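A.B. asks: With the hints as extra help, turn the sequences into a complete structure.
Here the protein sequences line up with chains Y and A, keeping their order.
According to my numbering, the first sequence is numbered sequentially starting from 1.
According to my numbering, the second sequence is numbered sequentially starting from 1.
Just so you know, these hints were derived from the structure itself, not from any lab.
Just so you know, these numbers come straight off a predicted model, no measurement behind them.
Where is the CB? At the ideal position from N, CA and C, for every residue including glycine.
One should not assume that every hint holds.
To give an idea of the interface, some chain A residues facing chain Y are shown, with a C-beta separation under 7 Å as derived from the structure [claimed, not checked]:
#	residue
1	68
2	91
3	100
4	106
5	122
6	142
7	143
8	146
9	148
10	194
For lysine to aspartate or glutamate, the following DMTMM-like pairs were computed, each having C-alpha atoms within a straight-line distance of at most 25 Å [stated by the list, open to error]:
#	chain 1	residue 1	chain 2	residue 2
11	Y	89	Y	479
12	A	236	A	198
13	A	25	A	86
14	Y	7	A	28
15	Y	507	Y	238
16	Y	200	Y	214
17	A	25	Y	11
18	A	25	A	224
19	A	25	Y	778
20	A	25	Y	226
21	Y	261	Y	296
22	Y	640	Y	653
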Amino acid sequence: MRPLNRKLTRDLWHLRGQVIAVAAVIASGVAVLSMSLSTTEALGETARAYYERYRFAHVFGRVQRAPEYLADRIRLLPGVQSVSTRVVKTAILDVAGFEEPVIGQFASIPERGEPELNALALRTGRLPRPGHADEALLSEPFAEAHGLVPGSHLRAILNGHWRELEVVGLALSPEYVYTIGPGALMPDDQRFGVIWMGRKALQAAFDLDGAFNDISVGLLRGTDPDPVIREIDELLSDYGGAGAYERANQISNWFLMNEIKQLETMSSILPVLFLIVAAFLTNMVLSRLITVERAEIGLLKAFGYRNREIGMHYVKLTLAIAGIGIVLGWAAGYWFGLMNTRVYAEFYRFPFLLYEPGPNAFILAGAASLIAALLGTINTVRAVAALPPGEAMRPPAPTMFRQSLLARTRLFLALDQPTRILLRQIARWPLRSFVTSAGIGMAIGVLIVSIQWLDAIDRIADVYFLQAQHNDVTVGFAEARAADAEFNLAQLPGVITTEPMRTVATKIRFGSREERKMIRGVPPIQNLHHVYDADGHPINLPPDGLVISTMLGELLNVVPGDIVTVEALQGRRPTRRIPITGMFETYIGSPAYMDIAALNRFMGEGPTINSVHMRTDALQRPALFRELKEIPMISSLNLKAAAVQTFHDTMAESMLIFVSFFVVFACTLAFGVTYNAGRITLSERGRELATLRVLGFTRAEISYILLGEIGVLTLIALPLGCAIGYSLTLLISGAFKTELFRVPFAILPNTYGISLLIVLAATLASIFVVRRRLEHLDLIAVLKTRE
Amino acid sequence: MTLENSKVHEVEPALRARDLTKVYKTGEVEVHALRGVSLELYPADMVALLGPSGSGKSTLLNILGGLDQASSGDAWFGSRHLTDLDDRALTQYRRAHVGFVFQFYNLIPSLTATENVALVTEISPDPMAAEDALEIVGLGERLHHFPAQLSGGEQQRVAIARAIAKRPELMLCDEPTGALDSQTGILVLEAIERIHAELNTTTVLITHNAVIADMTDRVLVMGDGHIVEEHRNTTKSRARDLHW
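C.D. replies: Given below as structure tokens:
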């Protein structure tokens, strides 16, 4: 081994504390980026493979009742590969031990063999036997939520009659990755479940013999779904077709894709931030490390080593440190990615998991870190190599300090000498001090950005549920009903007040853009379920026109005053041009509202409703639920309390996973920065501190000088970190926008507090480690050696 | 022990050592830096410690100054048994009784001359004013200069002021002129001489330079870990008359 390389390995060993700290910072950046990218990649891949293996359909459609032969006509359409017709209906269930009515979505499966499309992943038990009309297959999450297993029983109102069903198996389906009940925002496995039964049993139960009311179509690869959808709409229009739609609009898939996109946003913004911080710190640490080596560099030059050889030596040092960090980061990134993906796969209930991250994420993260580290080294090595050897070997002349104006103030004069030393050190190298503070500040900032997600979720829930909704129960009907249905519900026990709503499935067009949208008709002034904007102001509806969310406005590219074409997908299917009369900001979804009277006029119908918001007396709710279970026309039931709970559970679960990883990495950053700042300061000023020890200063007194400097820099970092966190949050909440969610800018005081405490703890831990080095100062060496 | 006491009982040594040895183990090699050194230093003594490199003079100074522990033997400061003291007590000993002057000054670059001296006066029980200490070494005009604004000789004189400001009983100077040219070195020695005369501090001067020994009361010559020669100067030279 060449002597320089031997020096390199020994230097690495000698500097192992700092090597590990720098490597840990690099590793954090690399790990976060590779973890995040590989997680989203794996989730996307798993979803894609799940859809493919279980033949998830490309186009879906609903009809009132269509004859079976229509399926053959559809099968002949160009681009169509397979067609599967079903009976799909919702009905009320009674699950033993559960007080509230539960909504079941019943879907038929072929009497024999597998469905051609939307195949089921049987998890346990078996399929219903042909001719056994009471055997049912349950969706696994629903069964688990109620402790139902093969052999359990539950009751359902099928077409007005209570029927006792036997559970024979549990299954998962690509169609219900997200099992979201009608009118619900999040999956609630206790209150909504999917039940598969034999086709004949459901046809008989819902009077659909020889007919179907749901169609799924698989397309040949590369087929544009739009012409197929138009043909299908045409064919089904006489049978009460509610408009076919493509996979992108299928509700479970839409939610899943939104979620993955949301994770992608998170994994593209935050980890990049991490990587930048890590690169910045690496740069700072390495440049100071090399400056300390100035005498060695002079010596090597005196021996006749060329600048390039010396440069290469330090480049190798950097490569070694960065290499250790990158490899550690890759390993951690892979492992955390796998864990993370597992948690998500369980959360989404994928029947299997594909975690085969491609090299891209890893290469990207590694290369970025390496380049940052090298940039940090090259400038410093160049500066040191430029010194003549004699000068490089001499210690730098005593640093020039000057009396500042501040030093003449009465306050400064009252300070003791150790305090003056530490303050002058900071003031003498403001940039270097700032960089240390900035590094700690960035760790705080990253923590704030990570933790504030939870604040944002709280804020969304607060506006969406608590401020906007004053109802506690919402009941939906399978079919639109005359307005007196509201009056009937108002008579039920415990109902204090009610408010009607009418929803109509439509297509809204403007120019070349088209969106499928449920238009909600509500009273112009709402008492229970308010149309609320993001700022918490209720919105009154004008007697005519559409009031839409800004998100929908963006999707359609409209502004108030524009006139859109609205085509109803139900009833007499009217099409009319309607003006946009208002727009408002929302955090969730992209709703569109109309005055209920205007909506009914548009439909050419009298006073009609299909859901009722109710405010009820909590004490009488059991009686209310008993009554509701007996009303067969009910197709959905949503309880606000349960919705709030599932919203928090779902969001917190999916977000917390990411957030907790970020917290761990931010701690590594804070520790790495302060530890390195402390160690480098110690190596730069060891002689000064040892001199003080010789002069009779105790360990505690010199610790004060060394660690006080880090302490002051940390204090400066606290407000700086809050400012960084604030700005980053502002940046991210602007960038983070899906059709499903907009993240509000919301940082609670707690979040600042927690972030600061976490970083302070990490700083204290590193100070403690550095402090132990002070025990080993060589007091004797300072008498003889000259730095 | 206070300064006053030591003056009253002049026969009592200020510092006493008996059979001091020091063995450094570096890897598998044992270096015997001191091989049984005994000596007595009296109050207001000015002693030169001469000898070639590796003769053990710095090791002896380190042990007497409370910077290092002897391997065996005893040392007393007045009645205090130095070789029994732990790290904390040694720190206290240096803080209260010993003034150090280093070859390379070891000033704190971020503190002005006055502040460098104040660094020590702040932690001493009975210090003189920092300005007075600087006045004694002839730097009354440069109180607010930072080390980088001072010449080598001036820096060393600040270091001497720093050493004496606490009114130490013992002043240990390790090659105080080693980094200076002879003209500046003599200025520094004059300062040491003046302080010794004014404060009656027991002073030990380590030096390679035999000429400097002429300004002391006693000369101890070390070689190979022993005191090989000891003599008293019958005629003490003034620092300003030295030449090298």
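A.B. asks: Return the numbers of the hints above that this structure violates; sort them in rising order.
C.D. replies: 6, 7, 10, 20, 21
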